[in-house]
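J.: Sequence:
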Amino acid sequence: MAAEILRIPCLQDNYAWVLHDAASGITLCVDVPDAAPVKAALADRGWTLTDILLTHHHDDHIQGVADLRAATGAKVTGAAVDIHRLPALDRSVYAAERFTLGGLTVQVMDAPGHTIGHIAYYIPEAKAAFTGDSLMAFGCGRLFEGTAAQMWQTLSRLKALPGETMIYSGHEYSLSNARFALTIEPSNPTLSARAAEIEAARAAGEPTLPVLLATECSTNPFLRVSEPSVRAALGMEASSDGEVFAEIRARKDRF
Numbered sequence: 001m002a003a004e005i006l007r008i009p010c011l012q013d014n015y016a017w018v019l020h021d022a023a024s025g026i027t028l029c030v031d032v033p034d035a036a037p038v039k040a041a042l043a044d045r046g047w048t049l050t051d052i053l054l055t056h057h058h059d060d061h062i063q064g065v066a067d068l069r070a071a072t073g074a075k076v077t078g079a080a081v082d083i084h085r086l087p088a089l090d091r092s093v094y095a096a097e098r099f100t101l102g103g104l105t106v107q108v109m110d111a112p113g114h115t116i117g118h119i120a121y122y123i124p125e126a127k128a129a130f131t132g133d134s135l136m137a138f139g140c141g142r143l144f145e146g147t148a149a150q151m152w153q154t155l156s157r158l159k160a161l162p163g164e165t166m167i168y169s170g171h172e173y174s175l176s177n178a179r180f181a182l183t184i185e186p187s188n189p190t191l192s193a194r195a196a197e198i199e200a201a202r203a204a205g206e207p208t209l210p211v212l213l214a215t216e217c218s219t220n221p222f223l224r225v226s227e228p229s230v231r232a233a234l235g236m237e238a239s240s241d242g243e244v245f246a247e248i249r250a251r252k253d254r255f
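Residue numbers for the sequence shown follow UniProt numbering, so the first one is 1 and each next one is one higher.
Any given hint could be a false lead.
What the hints assert, rightly or not - Calculated cross-link-like contacts (lysine to any residue; reagent style SDA-like; alpha-carbon spacing at most 25 angstroms):
| hint | residue 1 | residue 2 |
| --- | --- | --- |
| 1 | 39 | 11 |
| 2 | 127 | 160 |
| 3 | 252 | 193 |
| 4 | 159 | 81 |
| 5 | 127 | 144 |
| 6 | 252 | 179 |
| 7 | 75 | 85 |
| 8 | 127 | 215 |
In short, the hints are calculated from the structure, not lab data. Fair warning: this is a prediction, and the values are worked out from it, not measured in the lab.
Could you put together the complete structure from these sequences and hints?
T.: Written out as structure tokens, the structure reads:
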């Protein structure tokens, strides 16, 4: 049986993600905005949490770690470069490092931009990338600490993953991100159709994540900076990809 991944709503618009690999018994949680809903989901499924993986240090991603670790004994993994502002780590990892959990290979991806020490986790056996606040549906995280150049490099690395990869990001921001994306590519029929689906889903109170990377590549303006339609809309036909990305990010900040 393939790994099962649960979406667990937390706080106002956060998600924790729990992956269970029945073959090995590994159960991991990516980010812990709030321990209570994660503990409830684990109890409902009868799963024992073995690992907690952290993407970055912001409170809305780590404030439930101490409670969840105390309740489960799970081992905590996070970025070595951010060890000074993360909860106590049992495993500190570096960009491009790989480690195994049961039968799963976890590839650590450098993902600065939103924060300097942000990382993402790619698990090829599950066709899953846990991107925190880097790549999001129709968007990317705000640049609180890093630069536009760093975030563009992050998105370029994530975009290079197989198109069949599912993207599990940290927030339910799809609706506002879709509305912004339409200001960049209003004539993109794939984007328009997907934005309508998002509007309907959110109106019904339904979640919009995870999302296929191939879908993001056809609708997310932050991944489409080399497209002639995007460049023409911005009047930046002769600009570099990084410059186009920076302009789109600046426009989103003002949106």
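J.: Does each hint hold? Answer for all of them.
T.: Tested hints:
1. 39 to 11: Holds. Residue 39 to residue 11 sits at ~14 angstroms (cutoff 25 angstroms).
2. 127 to 160: holds (13 angstroms)
3. 252 to 193: holds (21 angstroms)
4. 159 to 81: Roughly 24 angstroms separates the two Cα atoms, so the pair holds.
5. 127 to 144: violated (29 angstroms)
6. 252 to 179: holds (10 angstroms)
7. 75 to 85: Holds, because 17 angstroms separates the two Cα atoms, which is no more than 25 angstroms.
8. 127 to 215: Measuring from Cα to Cα gives roughly 14 angstroms; hence the hint holds.
The structure shown violates just one earlier hint, number 5.
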